[in-house]
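Engineer: Please build the complete structure, drawing on both the sequences and the hints.
Residue numbers (the numbering used here), protein chains in the order written: chain A, 9 to 399; chain B, 9 to 399; chain C, 5 to 128; chain D, 5 to 128.
For each label pair, taking beta carbons as the anchor points, the in silico distance ranges come out as:
| id | chain 1 | residue 1 | chain 2 | residue 2 | range |
| --- | --- | --- | --- | --- | --- |
| 1 | A | GLU379 | B | LEU267 | 50 to 56 Å |
| 2 | A | LYS122 | D | ASP82 | 48 to 54 Å |
| 3 | A | ALA141 | D | GLN36 | 29 to 35 Å |
| 4 | C | GLN36 | B | SER139 | 25 to 31 Å |
| 5 | B | ARG265 | A | GLU342 | 43 to 49 Å |
| 6 | D | LYS86 | A | GLU126 | 54 to 60 Å |
The hints are simulated quantities; they were obtained by calculation from the structure and are not laboratory data.
Glycine included, C-beta positions come from ideal geometry on N, C-alpha and C.
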Amino acid sequence: MPARKVYLDHSATTPLAAEVYEAMKPFLQERFGNPNSLHSWGREARKAVDESRASIARLINAEPREVIITGGGSEADNLAIKGTAFALQGRGRHIITSAIEHHAVIDTCKWLEKQGFELTVLPVDETGMVSIADLDAAIREETILVTIMYANNEVGTIQPVREIVRTARAKGVRVHLDGVQAVGHIPVDVKDLDADLLTLSAHKMYGPKGVGALYVKRGVKLDPLVHGGGQEFGLRSGTENTAGIVGFGAAAELANRRLEEGAVEEESRLKDLLINGITDKIPNAHITGHPVERLPFHASVCFDYIEGESMLLRLDAAGIGASSGSACTSGSLEPSHVLLAMGIPHELAHGSLRLTLGKDTTEEDILYVLEILPKVVSDLRALSPLGKELS
Amino acid sequence: MPARKVYLDHSATTPLAAEVYEAMKPFLQERFGNPNSLHSWGREARKAVDESRASIARLINAEPREVIITGGGSEADNLAIKGTAFALQGRGRHIITSAIEHHAVIDTCKWLEKQGFELTVLPVDETGMVSIADLDAAIREETILVTIMYANNEVGTIQPVREIVRTARAKGVRVHLDGVQAVGHIPVDVKDLDADLLTLSAHKMYGPKGVGALYVKRGVKLDPLVHGGGQEFGLRSGTENTAGIVGFGAAAELANRRLEEGAVEEESRLKDLLINGITDKIPNAHITGHPVERLPFHASVCFDYIEGESMLLRLDAAGIGASSGSACTSGSLEPSHVLLAMGIPHELAHGSLRLTLGKDTTEEDILYVLEILPKVVSDLRALSPLGKELS
Amino acid sequence: MYSEKVIELFMNPKNAGRIDNPDGVGQVGNPQCGDIMKIYIKVKDDRIEDISFETFGCASAIASSSMVTEMVKGKTLDEALKVSNKDVMEELGGLPPQKIHCSLLAEEGIKAAIEDYRKKAGIK
Amino acid sequence: MYSEKVIELFMNPKNAGRIDNPDGVGQVGNPQCGDIMKIYIKVKDDRIEDISFETFGCASAIASSSMVTEMVKGKTLDEALKVSNKDVMEELGGLPPQKIHCSLLAEEGIKAAIEDYRKKAGIK
Ligand SMILES: Cc1ncc(COP(=O)(O)O)c(C=O)c1O
Ligand SMILES: Cc1ncc(COP(=O)(O)O)c(C=O)c1O
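Structural biologist: Set out below in structure tokens:
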């Protein structure tokens, strides 16, 4: 048994907050009604769904009517992109995205390409930033959608979303932002941003897995992805996941409170402690992503000469949960498309490590990582044939 | 407060079984890992997902690899139909369905019609049965899918699924069965049936809402509906709803046990008691659906001269939860397409009532309903201008 | 979904049933759409002296019928004709959007009954 | 995902590091793909007297390296050449499908080291 358990993989998923679970409980027990039923069981479920929708809306400064609840962030991304593609195909068939999107965006765009849509994939610089000039140049008469992520899951870089929206909307093009990693962690205000579509996912912000949302600005037309009974204002059919939605609502309330209380600043301080500790203690460590415009809980680094999966498993043996963009963690051959798009060479990309902090992360946790990680890296380097000339 | 609370709307949704909730609990607390993570948190989640998938597979006699978990029954229906349409559009663009499908099937088919697919909607007889001869005649060279429900949610009629599958497959056409109302309640064996695709929904069988599954026979190719990280064998991306999946697995175990123990027969006995009681005690009551080939927990009836919503609300005031295919319950103008397709006249269809029993329904519950319902009907008939010549 | 007032009137409607020898009867709606409202009135000195309804329809149709009959009882015919569906909705504490037609039916029912009375009485 | 044996060898690999003045060195894999295995051997009387490895790669690459070096140590070169990736996998208690190439790398690493030795020794 490891001396300590330190979970630093909050970008992958977060634990359910205790208060979120408490809010969900009754809906997993006696309040089991279908919100579409007219009887008392149904009405109490409907009320809970409505209230939760209002909480989620409040978190991003939207109207409740603009929040479409889905079965997760990936589904919301698919709804935003395919929903736009099918609704606007009469107007044009060109979509713009970036090289560092989540697969829920990239693979959706690629599928549409097979259905006859055209795709432009914007490059990013070495910090993971999209260029506004590139975006502006890519917009054409037939462009119906710009879909770019708010903040990146692998390297934490926050895009210049305000300028992205402004640039696209100046030319009358709809904008979707994948906000899965951002919402609940940094202030996001859809009125201020003026984006058309924004993806949220509950389990990235201390809510339950399997529930997400798409913000759809009033007046923005989409084809549904899931047709049927007409739930969610006709945009996402299916019996509502009441317990999950109530959990999402409670998580939104929690996030609102944390943002107001500045709890995120403490996370950011610990993240800096971690990043500085890594670069101080470990030679040949390269922090990835933007130095300033990054998620407050997000540290990512590439180490020369060693491979990510072996780092993860050695860290895991010491009780530390982390992740990597190494090909070996995904079973594919290519390492993370995000790191490669940022110009990081293949062999270095294989040595990537992501440590993402959460609301319960303590300074002791960080100090523990800073004790374990240097030894893991040096042990694995000792096993490696690479870089031996340097040591 | 009503004297008694009697929930008879199990076709709409079922309560979560206590043992299902117990199974889910750890995954809403300390076992919060993302099954895609390599560390210990992720591995324990992956194991739970795998085991649950095996339980679901066992319920329908499938291989675990053939069970694709989705965010509900509607999504599974959409995946089956759109997934087939997009995968096989090169081979043909004709789809056959029936007039009494759930909206998750009908509306999906109608959307595909707008995308250039052709649709044949088979009629049903007055018991809600599709005719095999009609099906056989409808199959054409370009037919790529037959999608027909296993058992109907509004009137409980069980289709001749074996003959449907045999007829379609004799001509090399793929078959999807919407098994949402059937699975867990009557024995369903995919090997025996030889169907290609079968939809399941957890919350209709004492599992959680927001999780469903599509059985996809080995070798059957589909385009995904939700693209992304490649979860669920590439057919349904998105971080797995671990707690929901574990709940679905536990619900499948429970259903298996109930089916083995013949618990369903008691449900069926109470259903007959209810149906016979209604026709005995209430004049001008017309049982809808098939007299024999019907779900064992399902009673449905139309009453002359009165309207469904007002029945529901009067029953609700007496503590009884029921549903209706009346237009007024859905806010639309047309009453249930299912009842109309069975040749029931509009005004009678407005007077429909559905009472669906569950595992905790008792004889006392049924007797209570048989005490309250006749009075509700006669009170509303007294208020009604219709049928006065007869009384 | 429904206000307390709607539920109360639906559960315990006032003026339900038929009046013997009514002076006017109005029927609106149709059974295909799931709503029929039949209004019976007794008129004395150009005032609605007695009124009742029979309704086939949902809770809001029944509550609207009951409400409108209460509202016009004792009013002159011209006053009664001024009662609009908005007034009925207001008194009911609102109706869900898809149920607004029920209050319209109530307004039309009264109009139809008065028209029937005036026709029978030879009043133009 | 990994067998206990794989994890054990990955955490505590045997024969890790370099041998001074090896008689043969084989390197397989490439850093682009995230796997490099380097095998060092000492040969005496046509037998592998000593062996070690250096590996850049995932847990299964490291475990496979460690396992294959244990398996061939003390064997004649011809015996060592007969050790296949299947044998390595079997001894490891299996590998996940997407990791089978690691055991192949181990087989190839030994072959490359022996080839290098024979080339240097002028053996055909
Ligand atoms: C026959 C049938 N198909 C599909 C569905 C949709 O399932 P879900 O509510 O899980 O989306 C339902 C229930 O609503 C149903 O009864
Ligand atoms: C940026 C981003 N978009 C989308 C997703 C998909 O969200 P979900 O796992 O809820 O489907 C994730 C997380 O996996 C993500 O990090």
